[in-house]
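Asker: Model the placement of chain B with the ligands on the given structure of chain A, informed by the hints.
In the order they appear, the protein sequences are chains A and B. Under the numbering used here, think of the first position of the first sequence as 1, with each following residue one higher. Under the numbering used here, think of the first position of the second sequence as 1, with each following residue one higher.
Any given hint could turn out to be false.
What the hints assert, rightly or not - As a list, the in silico DSSO-like pairs of lysine-lysine whose alpha-carbon atoms are at most 30 angstroms apart:
#1 B/K69 / B/K45
#2 B/K45 / A/K222
#3 B/K45 / B/K188
#4 B/K188 / A/K34
#5 B/K112 / A/K30
#6 B/K116 / B/K185
#7 B/K188 / B/K112
#8 A/K214 / B/K45
#9 A/K38 / B/K45
#10 B/K116 / B/K5
#11 A/K100 / A/K30
#12 A/K214 / B/K212
#13 A/K214 / A/K17
#14 A/K17 / B/K70
#15 A/K17 / B/K45
Unchecked claim - Across the chosen pairs, the derived CB separations fall in these ranges:
#16 A/L245 / B/G37: 34 to 42 angstroms
#17 B/Q252 / A/N2: 27 to 35 angstroms
#18 A/V196 / B/E25: 52 to 60 angstroms
Stated by the list, open to error - Calculated Cβ distances over 10 angstroms to all of chain A for the following chain B residues:
#19 G49
#20 G86
#21 M198
#22 E224
FYI, nobody ran anything at the bench for these hints, they're computed from the structure. This structure is a prediction, so every number in the text was calculated from the model and none was measured. We treat Cβ as the ideally placed atom computed from N, Cα and C, and that holds for glycine.
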Amino acid sequence: MNEALQRLGEYTLLMRKTLSIPTRWSMFFKQLIKEIYKLGADSLWIVIIISIFIGTVIAMQISLNISSPLIPKFTIGYTTREIILLEFSSSIMCLILAGKVGSNIASEIGTMRVTEQIDAMEIMGVNSANFLIFPKILGLMIFIPVLVIFSMFTGILGGIAASYADINGMTPSSFEYGLQYYFNSFYIGYSILKSVVYAFIIASIASYFGYNVKGGALDVGKASTNAVVMSSIMILLADVIMTHLMLT
Amino acid sequence: MVEVKHIIKSFDGRVILNDISAIFETGKTNLIIGQSGSGKTVLLKTIIGLLRPDSGQILYDGRNFVGLKKRELNVLRREMGMLFQGSALFDSMTVLENVMFPLDMFSSDPYKEREKRAMFCLERVNLPDAAHLYPSEISGGMMKRAAIARAIALNPMYLFCDEPNSGLDPKTSLLIDDLIHDITKDYKMTTIINTHDMNSVMNIGETIIFIKEGVLEWRGTSDEVISSNNKALNDFVFASDLFRKVKEIEGQEQEKK
Ligand SMILES: Nc1ncnc2c1ncn2[C@@H]1O[C@H](COP(=O)(O)OP(=O)(O)OP(=O)(O)O)[C@@H](O)[C@H]1O
Ligand SMILES: [Mg+2]
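In isolation and in its complexed conformation, chain B is listed as follows:
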């Protein structure tokens, strides 16, 4: 379980996160949703410690992240896996080397064992064939999967995903969502996902918080998201729905021509 309490974060006097408190549960896919620029990435980066909050607490199963010493911090870091918005694979290494990287750095197992573990992770994400390709040689969806494999290489307890399906087609998005969901269940991880994709919200939104301009507007589950009367949330949900419909109509018209 990851708990944030009264997080405030500002850049150059501009408040980006304003007093955010939330609980992200173990074994569930916890979603952070909101419009572009609402502060989702900043919140996620604050939770994982890439940014330091101005005030507030971040508790990893009771351990306060903000005050940790460097050594304890590094121990905690090894329990965290992160999937970045642009995959962030190391482009000088092959897919296999990427997945092996955290193992090479921190595991004392012999090479064969590490390679086996990496291949296991690649098989988990259905990507064993791409093991010896470089990131520039594979598609965006494959990159995401490779990045997931790398994130789970050290068997993390916490998994963070920043817009896991940005830039992917709807079908691949769905695959990635399901993959993250299944892995979360399999390994009982606490998974936190940033997204503005309504498909993901409906598909894997076990707990959801909605952020608008740095303020936590609403919290609930995917079942409640549609029926909620919250004005801001309705605007968000409806906007993406409308967007999808427009796309559909456009698509039909193109087919007619």
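With the rest of the complex left out, here is chain A:
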């Protein structure tokens, strides 16, 4: 408990140091572009591939499990859409990204800490947290929602692909009808909003664990594991809270 409070305190202090006005905007934007590019180049394909497959599998599973003639076939498309839009493309996708991007950030910053690169910045009078962490947080908050939109599209496409496989009488036209059935565009905004929060969680927590590494290369590895575990827990927690606040 004591340790948890101490960590919370350290985290808050680091965020205060991070979220300040950059010394040089030109340098800040350069870093921001770099971060977005890195994230985009690294994660776009994995997001697309995972989304297509999961979309396909969700549609197949549902259609396999709904065999009762009382339930109309368009339910399959409807349910697939709801799962992808509400939970999969935001929450689950961000859990996956927490593993990939979070460990990346933690080990990058952690390595800079143990090789004294952060000290070198501080000694020049540069606010290292602001320079290193702020562009990461903002970059993720800008680009993760874009990835989420990609994931929604490709996930639905995966579902449509499955509908051509003719499992248990599922047809493309019934699937399509289900996709449009009772469509509430608020859900898309809601999902994107969630992903912005998750992006902040991933970037800030991973940075915190990296920034506070003490020791050597081994500790960098530990920090990146801890970062992934902690940000995953926080994403799930935030998911529960936001679902409660916005949908009930």
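Answerer: Chain B with the ligands alone, transformed into the frame defined by chain A:
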């Protein structure tokens, strides 16, 4: 001139620096020597403000570092250059970008001017050819030189070096030592160097303080280091001398085979 007065620093109740007072002179290479674990790095980090002393004063030409406000501190920081034990080059940037980094951050000159200044510093350390390489693509000695170029980019008044020749072969060590020495003279900097290398001590030890287990044992110059009767210092000097001899004999034997 940098002066430290009665510095005490402890970690978790363990005293690492015990009442250290010393003067580091302008235009000279001032050495801090001592065994591994004696507290050299902690002393240097305390002087540059990466660590906060429990008590004591650190005066930069009369300005007390410990009590400075953030704004004044940042001004002073720009007058300091530091060479870290592992070079601490930013590995996501090229050598040139590394040297330009402090200029990008703090100089309002146009890009061309900043680049020119950075290239000038790289030429000073004899490294203009490596400008567009990444730190992972150059040797340890080149990394040290690049780090020196970065440290002097903003024309600092104070230069700090933590074991500038650790991990380098004797010849490269000598080059780095001479480079630091020449730069100190050229720009009239106050240079403070941590080392346990006896070659450096003899070569560039204009003023020397010897630290043992956090206590200042001895102070003097390179001429006095050999003739001193201080027991602890003799142990230190002799140990490294012996070490070198053993190495020499080993080397000769290997050649015979
Ligand atoms: N952040 C820290 N927390 C706790 N103890 C520390 C810390 N930094 C250094 N120490 C301790 O202070 C002592 C002196 O360490 P220091 O790094 O100053 O030695 P050194 O003289 O630079 O040695 P070397 O020549 O190997 O670099 C060591 O016993 C070390 O364990
Ligand atoms: Mg040291």
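Asker: All the hints need checking, so say for each whether the structure fits it.
Answerer: How the hints compare with the structure:
no.	hint	result
1	B/K69 / B/K45	holds (19 angstroms)
2	B/K45 / A/K222	holds (26 angstroms)
3	B/K45 / B/K188	holds (22 angstroms)
4	B/K188 / A/K34	violated (39 angstroms)
5	B/K112 / A/K30	holds (18 angstroms)
6	B/K116 / B/K185	holds (22 angstroms)
7	B/K188 / B/K112	holds (27 angstroms)
8	A/K214 / B/K45	holds (16 angstroms)
9	A/K38 / B/K45	violated (34 angstroms)
10	B/K116 / B/K5	violated (40 angstroms)
11	A/K100 / A/K30	holds (23 angstroms)
12	A/K214 / B/K212	holds (25 angstroms)
13	A/K214 / A/K17	holds (19 angstroms)
14	A/K17 / B/K70	holds (13 angstroms)
15	A/K17 / B/K45	holds (21 angstroms)
16	A/L245 / B/G37: 34 to 42 angstroms	violated (54 angstroms)
17	B/Q252 / A/N2: 27 to 35 angstroms	violated (60 angstroms)
18	A/V196 / B/E25: 52 to 60 angstroms	holds (56 angstroms)
19	G49	violated (8 angstroms)
20	G86	violated (6 angstroms)
21	M198	holds (25 angstroms)
22	E224	holds (32 angstroms)
The structure does not agree with the numbered hints 4, 9, 10, 16, 17, 19, 20 stated previously, though it agrees with the rest.
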